[in-house]
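With the hints as your guide, set chains B, C and D onto chain A.
Number of protein chains: 4
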Amino acid sequence: MFKKHFCPGRRVLVLLALSLFTCVFISAMVRQVTAPASTGTSAVAPQSGSLPSADSDEKRIQELVAGNHIIADQGVVDGFGHMSVRSLKNPAHFFLSQSKAPALVTKDDIMEFDENSEPVDARGRTPYVERYIHGEIYRARPDVQAIVHSHSPAVIPFGATNVPLRPIMHMAGFLPQTTPIFEIRSVAGDDNGILVENRRLGAALAQALGKSPVVLMRGHGAAVVGPTIRIAVFRAFYTQSNAQIESEALKLGQPVFLNPMEAANVEKTLRGLVNRAWEIWAEHANGSGTKR
Amino acid sequence: MFKKHFCPGRRVLVLLALSLFTCVFISAMVRQVTAPASTGTSAVAPQSGSLPSADSDEKRIQELVAGNHIIADQGVVDGFGHMSVRSLKNPAHFFLSQSKAPALVTKDDIMEFDENSEPVDARGRTPYVERYIHGEIYRARPDVQAIVHSHSPAVIPFGATNVPLRPIMHMAGFLPQTTPIFEIRSVAGDDNGILVENRRLGAALAQALGKSPVVLMRGHGAAVVGPTIRIAVFRAFYTQSNAQIESEALKLGQPVFLNPMEAANVEKTLRGLVNRAWEIWAEHANGSGTKR
Amino acid sequence: MFKKHFCPGRRVLVLLALSLFTCVFISAMVRQVTAPASTGTSAVAPQSGSLPSADSDEKRIQELVAGNHIIADQGVVDGFGHMSVRSLKNPAHFFLSQSKAPALVTKDDIMEFDENSEPVDARGRTPYVERYIHGEIYRARPDVQAIVHSHSPAVIPFGATNVPLRPIMHMAGFLPQTTPIFEIRSVAGDDNGILVENRRLGAALAQALGKSPVVLMRGHGAAVVGPTIRIAVFRAFYTQSNAQIESEALKLGQPVFLNPMEAANVEKTLRGLVNRAWEIWAEHANGSGTKR
Amino acid sequence: MFKKHFCPGRRVLVLLALSLFTCVFISAMVRQVTAPASTGTSAVAPQSGSLPSADSDEKRIQELVAGNHIIADQGVVDGFGHMSVRSLKNPAHFFLSQSKAPALVTKDDIMEFDENSEPVDARGRTPYVERYIHGEIYRARPDVQAIVHSHSPAVIPFGATNVPLRPIMHMAGFLPQTTPIFEIRSVAGDDNGILVENRRLGAALAQALGKSPVVLMRGHGAAVVGPTIRIAVFRAFYTQSNAQIESEALKLGQPVFLNPMEAANVEKTLRGLVNRAWEIWAEHANGSGTKR
Numbered sequence: 644m645f646k647k648h649f650c651p652g653r654r655v656l657v658l659l660a661l662s663l664f665t666c667v668f669i670s671a672m673v674r675q676v677t678a679p680a681s682t683g684t685s686a687v688a689p690q691s692g693s694l695p696s697a698d699s700d701e702k703r704i705q706e707l708v709a710g711n712h713i714i715a716d717q718g719v720v721d722g723f724g725h726m727s728v729r730s731l732k733n734p735a736h737f738f739l740s741q742s743k744a745p746a747l748v749t750k751d752d753i754m755e756f757d758e759n760s761e762p763v764d765a766r767g768r769t770p771y772v773e774r775y776i777h778g779e780i781y782r783a784r785p786d787v788q789a790i791v792h793s794h795s796p797a798v799i800p801f802g803a804t805n806v807p808l809r810p811i812m813h814m815a816g817f818l819p820q821t822t823p824i825f826e827i828r829s830v831a832g833d834d835n836g837i838l839v840e841n842r843r844l845g846a847a848l849a850q851a852l853g854k855s856p857v858v859l860m861r862g863h864g865a866a867v868v869g870p871t872i873r874i875a876v877f878r879a880f881y882t883q884s885n886a887q888i889e890s891e892a893l894k895l896g897q898p899v900f901l902n903p904m905e906a907a908n909v910e911k912t913l914r915g916l917v918n919r920a921w922e923i924w925a926e927h928a929n930g931s932g933t934k935r
Numbered sequence: 644m645f646k647k648h649f650c651p652g653r654r655v656l657v658l659l660a661l662s663l664f665t666c667v668f669i670s671a672m673v674r675q676v677t678a679p680a681s682t683g684t685s686a687v688a689p690q691s692g693s694l695p696s697a698d699s700d701e702k703r704i705q706e707l708v709a710g711n712h713i714i715a716d717q718g719v720v721d722g723f724g725h726m727s728v729r730s731l732k733n734p735a736h737f738f739l740s741q742s743k744a745p746a747l748v749t750k751d752d753i754m755e756f757d758e759n760s761e762p763v764d765a766r767g768r769t770p771y772v773e774r775y776i777h778g779e780i781y782r783a784r785p786d787v788q789a790i791v792h793s794h795s796p797a798v799i800p801f802g803a804t805n806v807p808l809r810p811i812m813h814m815a816g817f818l819p820q821t822t823p824i825f826e827i828r829s830v831a832g833d834d835n836g837i838l839v840e841n842r843r844l845g846a847a848l849a850q851a852l853g854k855s856p857v858v859l860m861r862g863h864g865a866a867v868v869g870p871t872i873r874i875a876v877f878r879a880f881y882t883q884s885n886a887q888i889e890s891e892a893l894k895l896g897q898p899v900f901l902n903p904m905e906a907a908n909v910e911k912t913l914r915g916l917v918n919r920a921w922e923i924w925a926e927h928a929n930g931s932g933t934k935r
Numbered sequence: 644m645f646k647k648h649f650c651p652g653r654r655v656l657v658l659l660a661l662s663l664f665t666c667v668f669i670s671a672m673v674r675q676v677t678a679p680a681s682t683g684t685s686a687v688a689p690q691s692g693s694l695p696s697a698d699s700d701e702k703r704i705q706e707l708v709a710g711n712h713i714i715a716d717q718g719v720v721d722g723f724g725h726m727s728v729r730s731l732k733n734p735a736h737f738f739l740s741q742s743k744a745p746a747l748v749t750k751d752d753i754m755e756f757d758e759n760s761e762p763v764d765a766r767g768r769t770p771y772v773e774r775y776i777h778g779e780i781y782r783a784r785p786d787v788q789a790i791v792h793s794h795s796p797a798v799i800p801f802g803a804t805n806v807p808l809r810p811i812m813h814m815a816g817f818l819p820q821t822t823p824i825f826e827i828r829s830v831a832g833d834d835n836g837i838l839v840e841n842r843r844l845g846a847a848l849a850q851a852l853g854k855s856p857v858v859l860m861r862g863h864g865a866a867v868v869g870p871t872i873r874i875a876v877f878r879a880f881y882t883q884s885n886a887q888i889e890s891e892a893l894k895l896g897q898p899v900f901l902n903p904m905e906a907a908n909v910e911k912t913l914r915g916l917v918n919r920a921w922e923i924w925a926e927h928a929n930g931s932g933t934k935r
Numbered sequence: 644m645f646k647k648h649f650c651p652g653r654r655v656l657v658l659l660a661l662s663l664f665t666c667v668f669i670s671a672m673v674r675q676v677t678a679p680a681s682t683g684t685s686a687v688a689p690q691s692g693s694l695p696s697a698d699s700d701e702k703r704i705q706e707l708v709a710g711n712h713i714i715a716d717q718g719v720v721d722g723f724g725h726m727s728v729r730s731l732k733n734p735a736h737f738f739l740s741q742s743k744a745p746a747l748v749t750k751d752d753i754m755e756f757d758e759n760s761e762p763v764d765a766r767g768r769t770p771y772v773e774r775y776i777h778g779e780i781y782r783a784r785p786d787v788q789a790i791v792h793s794h795s796p797a798v799i800p801f802g803a804t805n806v807p808l809r810p811i812m813h814m815a816g817f818l819p820q821t822t823p824i825f826e827i828r829s830v831a832g833d834d835n836g837i838l839v840e841n842r843r844l845g846a847a848l849a850q851a852l853g854k855s856p857v858v859l860m861r862g863h864g865a866a867v868v869g870p871t872i873r874i875a876v877f878r879a880f881y882t883q884s885n886a887q888i889e890s891e892a893l894k895l896g897q898p899v900f901l902n903p904m905e906a907a908n909v910e911k912t913l914r915g916l917v918n919r920a921w922e923i924w925a926e927h928a929n930g931s932g933t934k935r
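Protein chains in written order, with the working numbering: chain A, 644 to 935; chain B, 644 to 935; chain C, 644 to 935; chain D, 644 to 935.
Only chain A is shown next, with the shape it has when bound in the complex (with noise of 0.2 angstroms):
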């Protein structure tokens, strides 16, 4: 009579291992499928809906993680193009990923540069070409914080002719009356190789951008600097909206652009709002699956 009351027992003990093992092994493989999502959106929820918290080093590189998402998931980079934010514990530095389409960005890829645009620690990791446009910027300009550099398909076009790129819509509030454009050819000759490949040329491009938002490249791109990363990304994503709808008034007539009183005033209140649009973006390119 012991061992058989014992036996029900085991058997029970030996069911429940079974089926507990049973509920772990289903509960995992059902993880793996809702996994994507749920991780997705940690990276930017920390600053959804809040003012951003108290300013860092690293908290800048995380907030440039998102806007390298944010700035590939908008259209306003493809594979190429890059941002960069300047150090706050030593602000002749400035941080950038390594050589990587910006939507595959991660933490790991933010290097430190150092006021001659030279990694401080690259542990392998191979520098963009182009890097020198961020470290000439931040040095001719102190107010400068973020710096998107983008080959806008839209705004290419202005870069290329002798039409400038004005402020047509609010949004855009911060484009000066008449965007400048860097030409190469005018530094490096004709026998240039487009590229803003060393201190020299960055220098030539901060010179053309001088106290502007924006400086368009011919034939190349744009480079588009604010106080903040979310500014930036404000900046070059309205810079690209505002370029499409020029160019569609421009074939219908002749538009009236903001004069320069109604683009300051617009451009002062919308920077309060410009956490609305990172707030939205950041979202979608958690949502869209085109980053980790």
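Any given hint could turn out to be false.
The list makes no distinction among identical chains, and a pair is therefore deemed to hold if it is satisfied within one copy or across any two copies.
What the hints assert, rightly or not - With a Cα cut of at most 25 angstroms, we get these calculated PhoX-like pairs of lysine-lysine:
#1 894 <-> 732
#2 911 <-> 743
#3 854 <-> 894
#4 732 <-> 702
Derived by calculation from the structure, the hints in this document are not laboratory data. Since the structure is predicted, the reported quantities are computational estimates derived from the model, not experimental observations.
Using the frame of chain A, we list chains B, C and D on its own:
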């Protein structure tokens, strides 16, 4: 023998419990996988394919949330732009989200505004700067129950040039022969802020709108109104679509537009078919993964 | 001993039943997860990569549903527009969905219409206002087995201007040297309703179509016909594609179009390759999540 | 007692068997759910972020499959168009899919063709009508290892007008100052079939290509060649991108194009960065759900 008879029963009960536990556990996890689709649909499912149920402020708010997701998903708005609905209970009041990207708006974001476009009970939520667009149009136009304010890229060129936006396709039969344009300089002078940021500017916009369903806003976007949320969304979408088509047609040659009789006749017919568009847009917005 | 021998057996039976129940239960739930993809595919899978199986009205209806999803997924139609197939059993009749967005059409929405475009058995379903497009073309064109009515944005400008839509790329070799235009004013006068809402207008449209595979409808869209559903869908897609390309080419300069021999020759070859397009479009439509 | 001792054990065995069966069954079904994503990635994962491994025909075929998915996903081809790679083992031969939409191509679709573009071992598979494009270019151009034949909508207008396709952006530095056009009428007369459906037409196309990396095909599309699969795909993509940008720039005014030195210099630099584009395109194609 009693115990032996009892024992198997107890074991079966234990096994039954374990099996049920397993089933419930798996069921819960699998539901997690299917949840985004099924719960996402619930917001609009009740209206799909049937007459709208009895009107109420609660139902209007529900549709307002769905409408926000639709105009974002269809590219009528990006992170900016907003839509509102008049209150049924208090027709001098209206409902509008707090300052937020339309794709992310939820029921909890919807605020009630009074006849002066001020929040009835803000509870810490920040209203849109341009809520006066809504309040002043509701004041001037008792027939209007819903308003969409957008920055549709295809529409802005028509507001910036002297080329009139006219109905070129039947879906936009609601458009007048010449869509009015609001030039903010005419009321706020050259040193204006583009945005409709107070009651005076809202009233001037409402005056420019007149009896039209659409008013273009120079350098900015448009305001589109309707007797229901669904009709306002429909009009906002097809205003954009008509602008794209007219823009292409004007590049080809001199197009034939809908005459006033054609426009009025087809508009009357299509008004009865607005739900067909709403249904597919709501379905698509729920599946797009860009809003919660 | 008998009972003891029996008991374990009974218990095993109970356990077997529970296990089977668990398996079936889990299987059903997991099928729910995979269902959208797997059942979605079944509608077109039988035809993929092989010759169409023996023709029947049941098979035509199955393809009609798939075709509705394809034209929506490829942007040939939005919430509006519709497609039909002639009945094999009763060639004076045709099949067409009830009034519904094409992306959402299911087998249960397909209605049979008689030679006067009236429903054979409506069962409470509302037909499309413009079903006369289909009925009158089937009457006038015995060679036509399927019809797509669309509002393709790229096509409308050609219907609204006097710039002829002509074959500029080989995929649209089916297009005539000048695609005919239906101007509804010529039959219904200036006070018309744009829509083809009765038999008389349908007959006039069929007359404008003549022997062409495509007729443009001024201020409205197009009707595209074919000897099979797949060919009609193929033509609707490449009519749109050709319009986009021709529109761009005309902005650059005076393009060389396909001459009548080139068009006829390549059309003959491509007709044998229609399934290649259908296969990838069906695959894409099934994965797009915008229809059930 | 022996039997009593044995019975529970037998029951446990039965339960164990049932539980294992349950686990295996569930596991199999859940794998079905996750399979499309996980197996899709494996094709390109080995190359991501590293130097291409040692060349072999097996590796070329693997890349050819990935390349097919990329050109479909990036809109360079739709259901039509095709790409090939030269055989390493037998350089007179080449690999090309059977007649199929590029997005759906798998390893089993890849056929080997001889120097006359005839299948070595068809095994019932139907080859593309235009395989002679590939065979004759490989014969005429020993430097070419891979070829993309596309119908890119943005490219066709340049083949149909006398407006030359020229490099306007640095990514397309590989383009010649004037991209050659193949006018099939010049070799097959006015009564031609547009398609390159035999060796004679293939040879004429190869002659039109000359030493260029791209030849436009009037009323049809383009053929793009490269020294590797990745470079051919890169060029096919940026030929399309350059066409879009040039088209927009020409509407604005007279653009400045890259001069021959700029084009050559930047092409040399970018050739080393082709993997950066490939990596993100492969990632995106795997996530797009339009191929297996």
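Okay, the hints, checked on the actual structure:
1. For a Cα distance limit of 25 angstroms, the shortest separation of residue 894 from residue 732 qualifies neither inside one copy, at 49 angstroms, nor across copies, at 48 angstroms.
2. Taking the shortest Cα distances, residue 911 and residue 743 sit within 25 angstroms of each other only across copies (18 angstroms), while inside one copy they are farther apart (34 angstroms).
3. With identical chains, the CA atoms of residue 854 and residue 894 are never at most 25 angstroms apart, being 30 angstroms at best within one copy and 30 angstroms at best between copies.
4. Taking the shortest alpha-carbon separations for residue 732 and residue 702, only the intra-copy value of 12 angstroms comes in at or below 25 angstroms, while the best inter-copy value is 47 angstroms.
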